[in-house]
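So the sequences go chain by chain: A and B. Those letters in the first sequence? Residues -15 to 279, per our numbering, in order. Those letters in the second sequence? Residues -9 to 279, per our numbering, in order.
Quick caveat, the hints were computed from the structure, so don't treat them as lab data. No experiment lies behind these values; they were computed from the predicted model shown. C-beta atoms are modelled at their ideal positions from N, C-alpha and C, and glycine is treated no differently. There could be a bad hint or two in this list.
Facing chain A, a subset of chain B residues (Cβ under 8 Å, in silico) [stated by the list, open to error]:
no., residue
1, Gln45
2, Met81
3, Glu83
4, Ala95
5, Pro102
6, Trp153
7, Ala242
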Amino acid sequence: MTAPAARDRRILSPHDWGRRATRYGWRGIHTALFAGLVLLGALPLVWMVRAAVSTTTDLVQRPLALWPDPAMWSNIADAWNLLGIGQYLWNTVWLVAGSWIVQLIVATTAGFALAVVRPWYGRYVYGALLVTLFVPGTVTLIALYLTVLDLPGLGISIADTPWAVWLPAGAHAFNILLAKQFFDAIPRELFEAAQVDGAGWFTIFRRIVLPMSKPILAVISLLSIMTAWKDFLWPLIVLTDPALQPLSVALPRLAQNTDPAYLIAGLLIASVPPIVVFLVFQRQIVSGIGFTGLK
Amino acid sequence: MRRRAAGAGLVFLLPALVLFGYFAWWPIVQSAILAFQRTNLVDAAEWVGWANFEQLFADPLLPTAALNTLWFTALSMLIGLPLPLLVAVAMSELRRGGALARVLAYLPVVIPPVVSVLLWKVFFAPGENGVVNAALGLVGLGPFPWLQSPELAMPSLVVVATWSGAGTAILIYLAALTGVATELYEAAELDGASVWRRIWHVTLPQMRGVILVLLLLQIIGALQVFTEPYVMTDGGPANATVTVLLMIYRYAFLFGNFGVASALSILLALVLVVVSAVYLRLTRSWSSS
Chain A
-15 MTAPAARDRR ILSPHDWGRR ATRYGWRGIH TALFAGLVLL GALPLVWMVR AAVSTTTDLV
45 QRPLALWPDP AMWSNIADAW NLLGIGQYLW NTVWLVAGSW IVQLIVATTA GFALAVVRPW
105 YGRYVYGALL VTLFVPGTVT LIALYLTVLD LPGLGISIAD TPWAVWLPAG AHAFNILLAK
165 QFFDAIPREL FEAAQVDGAG WFTIFRRIVL PMSKPILAVI SLLSIMTAWK DFLWPLIVLT
225 DPALQPLSVA LPRLAQNTDP AYLIAGLLIA SVPPIVVFLV FQRQIVSGIG FTGLK
Chain B
-9 MRRRAAGAGL VFLLPALVLF GYFAWWPIVQ SAILAFQRTN LVDAAEWVGW ANFEQLFADP
51 LLPTAALNTL WFTALSMLIG LPLPLLVAVA MSELRRGGAL ARVLAYLPVV IPPVVSVLLW
111 KVFFAPGENG VVNAALGLVG LGPFPWLQSP ELAMPSLVVV ATWSGAGTAI LIYLAALTGV
171 ATELYEAAEL DGASVWRRIW HVTLPQMRGV ILVLLLLQII GALQVFTEPY VMTDGGPANA
231 TVTVLLMIYR YAFLFGNFGV ASALSILLAL VLVVVSAVYL RLTRSWSSS
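Given these sequences and hints, build the entire structure.
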């Protein structure tokens, strides 16, 4: 997305940078930019770390300090044990992992059918899938909840089971759109040659398309994992059993009668995994946002 | 060959068809049906015509929720639209530290919304020992009763929503900025256009498509705000932060009245459709002029 070669010049030319007033002006702008980014992007998180290992009195007396006095490292373990954070964290991981797998299966198989197999009815199915992108999830929330309570034709309820989070996650047309567009760009000669060699569709899917699609599988994976980790309203509705709830649903409930320092330790524990994933896969995520930039 | 492709296609489409059937297409149809039924999960659903809508319009909270939601959306646009654009333009001119700047800008987006809302709830604590108030106190302002006052509660929620959302917009604008042809800047520079004139006459017109799409997405997202008012203020103080989605949630899951909740969902859907249609129409006439 950001081609390094094109970085030589943007709005400002080398000539502009050579002019004193412009140079100092833009250096000022960039200093202010970094000050703002540190203040808003980093400091709240640094404060969260500090607060997680502070006493409540320390938080009240020195709200702006970035170093705890005294440092209560035991807060993290106490919060973990007292609030049951370990269980909620495991629930979160379990829900995210299932949603991720379901989304990968649906996106790759549907993308393969639409881009490679191309049955005659493919474009109608594609149209019907894309239509759902124009209906915001919150609008059909109530009907979706009632569907989960009583699956039409099956007469079973998947509410208060992980399936209530996993399966609806698969009905996400954007992933299919990404997969289809990527598969469309694979040369058809490859499939034809494989078919001459006697390969069936499933072999083509598994041996040719999937191995060639690692970049898009990575993007779909990161987007689906981050979305699932951040989800709140849907698990709040379908998982009323606290033993199944993810951290995002449990934390507001725990917030009502918990020592602030413990609560913030819980917030920290909920934030560390996505922050680590983001820092490790920063490049792919940034390009993934580029994909969502609807160019 | 064609026949076999039709069968094989169906096999591969099966997971998508089943899941979309149950969890996307059926709920869309079902939403419209539910709005005209009385359902409480205990008795059998019964048709009630427009009764759900009548009950909804008799609720004095409806105008409050509608106005609050519009107010939230307007405030979100006021800061949520220009700020990411300005930051992205400044960031695209960085000669060093661009990657660090992108990471810092996107970090708040990575934090789960519930966590940022609970964290900011602590920041907005009243009195001079609240974090925001203590910081403002350094420059002699405040203390303010952020979440306790009906006037300040909604702007506080907008601050949190913008904090957690601006990073995405910044990255999308940055990607779009790299797409602006550098020849145009060179030509403008040769014509003697200053940096500001180049931004105004070259950059912004080229970005118009992305800006308009993001604006529409932000409006549609803001009209459905839920987590911030639910977790931070629970609609208070004095109903100042009750939004349409919070009302839908309460009707369904507090009062068990799924029919009225669906009726309100349908109204929200209509508003979203009208907003999108008007918007597309306006942008078409702007881009053709």
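Verification of the hints:
1. Gln45: Because about 15 Å separates Gln45/B from the closest Cβ in chain A, which is outside the 8 Å limit, the hint is violated.
2. Met81: At about 7 Å, which falls below the 8 Å cut-off, the nearest Cβ of chain A leaves the hint on Met81/B intact, so it holds.
3. Glu83: holds (6 Å)
4. Ala95: holds (6 Å)
5. Pro102: holds (5 Å)
6. Trp153: holds (7 Å)
7. Ala242: With a minimum Cβ separation of about 5 Å from chain A (threshold 8 Å), the hint on Ala242/B holds.
Violated hint: 1 only; the structure is consistent with all others.
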